[in-house]
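> Each chain, written out:
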Amino acid sequence: MHPFTYIRVSDTREALNAGRRGGRYIAGGTTLVDLMRETVERPEALVDISGLPLDEVTVTERGGLRIGALVTMSEAAAHRKVRTLFPVISEALELSASAQLRNMATIGGNIMQRTRCTYFRDVTADCNRREPGSGCAALEGVNRTHAILGTSDACVATHPSDVAVAFAALEAQVRLLGPDGERQVPFADFLLRPGSTPNREQALRKGELITAVEIPALPRPLKSGYLKVRDRQSYEFALTSAAVALHVRGGLIREARVAAGGVGTVPWKLPAVERHLVGERPSDSLWTAAAAKAAEGARPLQHNRFKVELLQRTVERQLRIVGGTK
Amino acid sequence: MSTELPESAVPPTTDAGESSSAPTRRTFIATSTAVGGAVVAGGVIGGSFLAAPEEVAAAEAPPSSRVSLTVNGTRRTVTVDNRTSLLDLLREHLGLVGSKKGCNAGACGACTVLVDGRRVNSCLTLAVRLEGAEVTTIEGLADGDRLHPLQQAFIDEDAFQCGYCTPGQIVSGVGCIQEGHTGSPEEIREWMSGNICRCGCYVKIVRAVEQTAARK
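Line by line, the protein sequences are chains S and D.
Under the working numbering, the first residue of the first sequence is numbered 1, with each subsequent residue one higher.
Under the working numbering, the first residue of the second sequence is numbered 1, with each subsequent residue one higher.
Hints are computed from structural coordinates only; laboratory data are not their basis.
Please note: incorrect hints may appear among the correct ones.
Said to hold, decoys possible - Computed beta-carbon distance windows for the label pairs:
#1 S:PRO132 to D:ARG75: 32 to 40 Å
#2 D:ALA105 to S:ARG13: 49 to 57 Å
#3 D:GLU60 to S:THR197: 33 to 41 Å
#4 S:GLY178 to D:ALA133: 25 to 33 Å
As the list claims (entries may be wrong) - From the derived model, a few chain S residues whose C-beta atoms are all more than 12 Å from chain D:
#5 THR58
#6 ARG83
#7 ARG205
#8 LEU310
No residue lacks a Cβ here, since even glycine has one placed at the ideal position from N, Cα and C.
With the hints as extra help, turn the sequences into a complete structure.
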């Protein structure tokens, strides 16, 4: 680990000043400290933001949910409002990491976490995300767990977060505070696809701080849930996953929110699946037909062709779990 | 061990609690490996740290901070290199070697301790961030000579073989019971999945946690 200076800030103005001078924010630290030890991350200054008042979950005026950036994963998952309004968020969180890590890691840090691609974590391997222009060892390497959607010739790494898949499905907004004030970025625009600059991962300006993730209200009743498919039953990243939320009224699906994880370079929203569902009557054949559109545009690699069918089946299974069988 | 970086190489402070004249297993190992460690040091320390020992000594010391925290009920004030993990603080500075360094990457759970009552991976916790924190390690669970009920249950159920993961399993189990995730063996397995046991004693570990939770 390279040496670094450390300061603890007690208000957001102090944080932004330190951030503007190039300080790196640290909250739970579960990803950052790990990557610093691997020398993948080499910050010169850490700015400890854990004392900032960004640790509340509140229901917004319109009936949505605002989750403070410093709410831990375990607090968010257990929160009564999160569990009742958006079970898909609680489920995604509780299927992530371990109980210890969820006690440390925060919501803001979770969406900032970096890929688990083994070549990214290995400083001796070529990786455009870590060392721009060095190449991508995963393209011709062991790429079984890598992405099939949103990839580029520069990078095929997946975004590892589960709750980010739920946020993408629910069309969350990321609230940011920077030297120029507050702004809000749609979740779909916050995490960047690699393109030719995989080292640019978020639409953050220098020194900007995530203050909250906001989930817009959806009509009720709303059923939602998260399904994660992985190599072992617990404490493992997703091979595929599906976040689904459905509003059914008068026997018809009125609103559908669907996204997939483990398959994209960013959490992968599935608008074609959503369009296929809206206005239709829930049925087994509907779930199958809608899920058939889940892998549209997929570009599998040598070792991850299985993900195309696994993704379709994961989405189909989760549509049936949330929407019921008819 | 070859990937050890200098943050854990700081010599223990004087209050490490190893003042006995007889060499312990730990001090013996530390002494007998010191020569090999010195040979390796130049090789593993890369980049800007690549320097002869005298140059290192002459160079500016790495940034450090003073932090006060409570460990197993005792207030401790230490000055640590900012890179020091809570695990290294416990093991190398305070002589509390119950918490184990398995993966040093938050993947195995052997280093689990309670910070302000919540179980965390001490290997991923920077010590400088713990100003005012209350830390409980495996050494702090027993009440004098009376073991914590979960410690006793691990013995009664024979819930370990080599024992390396056991301190982390027990502290994590204490956290799991406090969190109330002991409704069924399946629930315990899920909520204890952050603790890996190479010997595969999971059935008995689950039983020990289940029985302790039931007695509460």
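> What are the numbers of the hints the structure violates, in ascending order?
Hint check: 1, 2 fail, others pass.
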